[in-house]
Amino acid sequence: MVDLKLKIEFGGGLELLFSNRRTHFVDIPSTKQQGDREGEPVDMDFLIHWLRSNSLKERPELFVENETLRPGILVLVNDIDWELEGEGDYRLKDGDEIVFISTLHGG
Amino acid sequence: MAPKSCSLCQNAKPILRRPKTGQQICKHCFFTVFETEVHNTITEAKLFKPGDRVAIGASGGKDSTVLAYVMKTLNERYKYGLSLFLLSIDEGITGYRDDSLQTVKRNQQQYDMPLKILSYEELYGWTMDRVVSTVGKKSNCTFCGVFRRQALDRGAASLGVDHIVTGHNADDIAETVLMNIMRGDIARLGRCTAICTQGEDTIRRSKPFKYAYEKEIVMYAYFRKLDYFSTECIYSPDAYRGHARGFLKDLEATRPSAIIDIIHSGEAFEVKDEVRATQKTQQTCKRCGYMSSNNLCKACSLLEGLERGMAATAISDKGRRKLDGQAPTPENLRTIPYFHTPITVAIDVLPTPP
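For the protein sequence lines, the chains are A and B, in the order given. So the first sequence is numbered by the numbering used here: it starts at 48 and just counts up by one. So the second sequence is numbered by the numbering used here: it starts at 8 and just counts up by one.
This is chain B alone, in the form it adopts within the complex (with noise of 0.2 angstroms):
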């Protein structure tokens, strides 16, 4: 059945076939081809400079265990001079969190790269075991994103370095765009295929994997025989993304380039400036510092709402007023480390003298 030599060089027995082109290619060529891809991604969008300090977000999962893998190959091979850091976030789960963690920890060792991991408990005073003790299995999905989001550009401004790297994938964001437009998100949906978001962030973030197929990112694993940690979240995931993902499995299952396809429609989308000036304007939280488009960054909201007791309120802008109108926020109130503005970006951000 199988043909019998690589389309590619001609020559070696095909293991595989690349969803994006339907080229059938021996395990020589599919590792060349992915990391040569990889590689073109990041120079194409000249997504660093020499000396650069980048962490890799790391999960232990199989995306970022990949990235962090191609990420030092592809730094020694042609020769990019970054400083590689692994920053994992211990969102407090038992039987999830703390298994993957031992993963990343092995990863460290195998990959020779400095760790950092932050805790929820650390920064925020509560793990997600006792937050879904809490708020119960429905929003707490809300609560692990937002708080993510900030732990890891907090993690990274400790480690000092100037960029994050993420393992997040083609199907990841094809299912994003499906999810935007399915909510009419369109602040969202204009910016979540950038490869690259900054200054909407205080540190810059990136998707190395944008172009890269999770079937092939699991064969790579596969191939590679690399470590990697597979559980569900014990959490229940987010089940909005699961149905679209259902979803983008199904059409991808008929037609491959579904995914790529999709991928190209979010780009083609611009939103218009009279939108966009409805959309509210980044400002720094009056509390701790972080970036937000209202007085209180998301993180310190959710957390006001932990302590007092009302999590479920904290959650909507509406429930945020009401929160706001039932007393004044407590003075002895936990609140989060206030975030130093790194320096790299400080300077950025100067006047130009006269």
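Pulled out of the complex, with its shape left as it was, chain A reads as follows (with noise of 0.2 angstroms):
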């Protein structure tokens, strides 16, 4: 089974939760490996559990809530919108840049 190399960046705040670094790189599986779904290829839903699980350093009531990404968090796939890209359903690829930004901080 290969792995995904992916770029992620976390910003407005949200590396704080991940050892206060920006840029990661991580190498995730490129099909769920459990469940019901197992075998199917990884989506964005997919990420955001395996960073919960994998990166996430603290407080992780401030990434992740009722089980999916929590409101107020913005999301770029390769620089666009995740919204345009299906949200959670994108199927991730190799070498795709993830960011995420909080928008919960004061101005």
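Treat the hints loosely; a few may be bogus.
Using C-beta positions, here's what the derived DEER-type ranges look like [as the list claims (entries may be wrong)]:
#1 A:T115 x B:F230: 20 to 30 angstroms
#2 A:G135 x B:T50: 32 to 42 angstroms
#3 A:W97 x B:K20: 24 to 34 angstroms
#4 A:T115 x B:Q17: 51 to 61 angstroms
Covered by chain B, according to a simulated footprint, are these stretches of chain A (three or more residues, beta-carbon under 8 angstroms) [claimed, not checked]:
#5 56–63
#6 67–79
#7 143–151
Keep in mind the hints are simulated off the structure, nothing from the lab. Backbone N, C-alpha and C define an ideal beta-carbon position, used for all residues, glycine too.
Make one complex out of these two single chains by using the hints.
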């Protein structure tokens, strides 16, 4: 099974939850490993849970709420608003660049 | 998944879905519509006239950084004829404001605008760090909010400006509408959606981003690669606002127009004359000359509470009466320097000669 190499970037204060580092390079499995969706290609929903389990260091409730990304966090997939890419259903490709930006911090 | 072309220019690849309209637009059209809408907000409300001196309330955060960039861009593009300044307030919060002020100092260079920083320490003799060590983390936001409002006006007066613009966006205003409804604060509900407040204040204050969604402001900063600072205040945010914010974000996720709808609802409320009559009239503070609805303005009252070691009592009107009842105000009390109404405003109120 081949891993996907992704570049993840956090901004708007979210980096504080991820070792205070803005840029992370991660390798994630290309297909889901367990549950009734085993064998399906991985998508953004999978990535969000994967990041919570593998990269997030503190205050998970500021990243994931009710099993989905917390409202108020913007996501870009290869510099495109993920709302144009199917949001959680977007199927990840090797080399994708994903940006998460929190809008919840003060102005 | 993404549609082939931008719904405005029908040509380039879309990069963003507008929360207000659902349109899918390209980067170039996004910059154009975002800037043009702010320009339209400014011109429809007739916020400025040529020659105005305008201070941008700058915290180094996303909203005020984008505001400074857009104000500079529009001033040049549409020849507003404004002199622009950056005005920052240093609350004295170690590890928070000191870092964000570094961002403002970079913005000063990047945007080539004069910068004025006024500190709580200089104006009130108290940093927020010291206030928190005295009053704790419960009511500290009250002190900070009251102090900041007056500090901005005083900073603006020292720059000789006519007008302060702040980065309050549509989400902030919708949040405030909700909070005022939930608290039954009729006076604030009546004025919180006003794009420009004047009369209750010595210097005009306005919100050019009144109709700009937070999502678009953040996306604008991202695509323009603007340099901003984002860390939560270390003294934990206003919890009540936090709930209103969470609720609003949930509503927005279900229906993106919710934010603009709530602002429109707020604008539609009309405060009846008989209700308005029960509200206090504005006067000037007997001690520092700043506008106030009591003999003492809120900042003087809070400062006196801090100085006399009775900070908690100074927060409410009831506590204030208690404070007055305890002992007369000591002679050597630290006070805020007297506020002189800027000359531009003073001319306006001169009576017409007979």
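Between G135 of chain A and T50 of chain B, does the beta-carbon spacing fit 32 to 42 angstroms?
Holds - the Cβ-Cβ distance for G135 of chain A and T50 of chain B, about 41 angstroms, lies within 32 to 42 angstroms.
Closer than 8 angstroms Cβ to Cβ for three or more residues is the test here. Does the stretch 67–79 of chain A pass it with chain B?
With 0 residues close enough to chain B, the hint is violated.
Is 20 to 30 angstroms a correct range for the gap between the Cβ atoms of T115 of chain A and F230 of chain B?
This hint holds: roughly 25 angstroms between Cβ atoms.
Within 8 angstroms of chain B (C-beta), three or more residues of the stretch 143–151 of chain A
holds (count 5)
Count the residues of the stretch 56–63 of chain A whose Cβ falls closer than 8 angstroms to any Cβ of chain B, and tell me whether that reaches three.
holds (count 4)
Whether the CB-CB distance between T115 of chain A and Q17 of chain B falls inside 51 to 61 angstroms
Distance hint for T115 of chain A, Q17 of chain B is violated at roughly 34 angstroms.
Is the hinted range of 24 to 34 angstroms satisfied by the C-beta distance from W97 of chain A to K20 of chain B?
For K20 of chain B against W97 of chain A, whose Cβ atoms are near 28 angstroms apart, the range 24 to 34 angstroms holds.
Figure legend: structure checked against the earlier numbered hints; hints not met, in rising order: 4 and 6.
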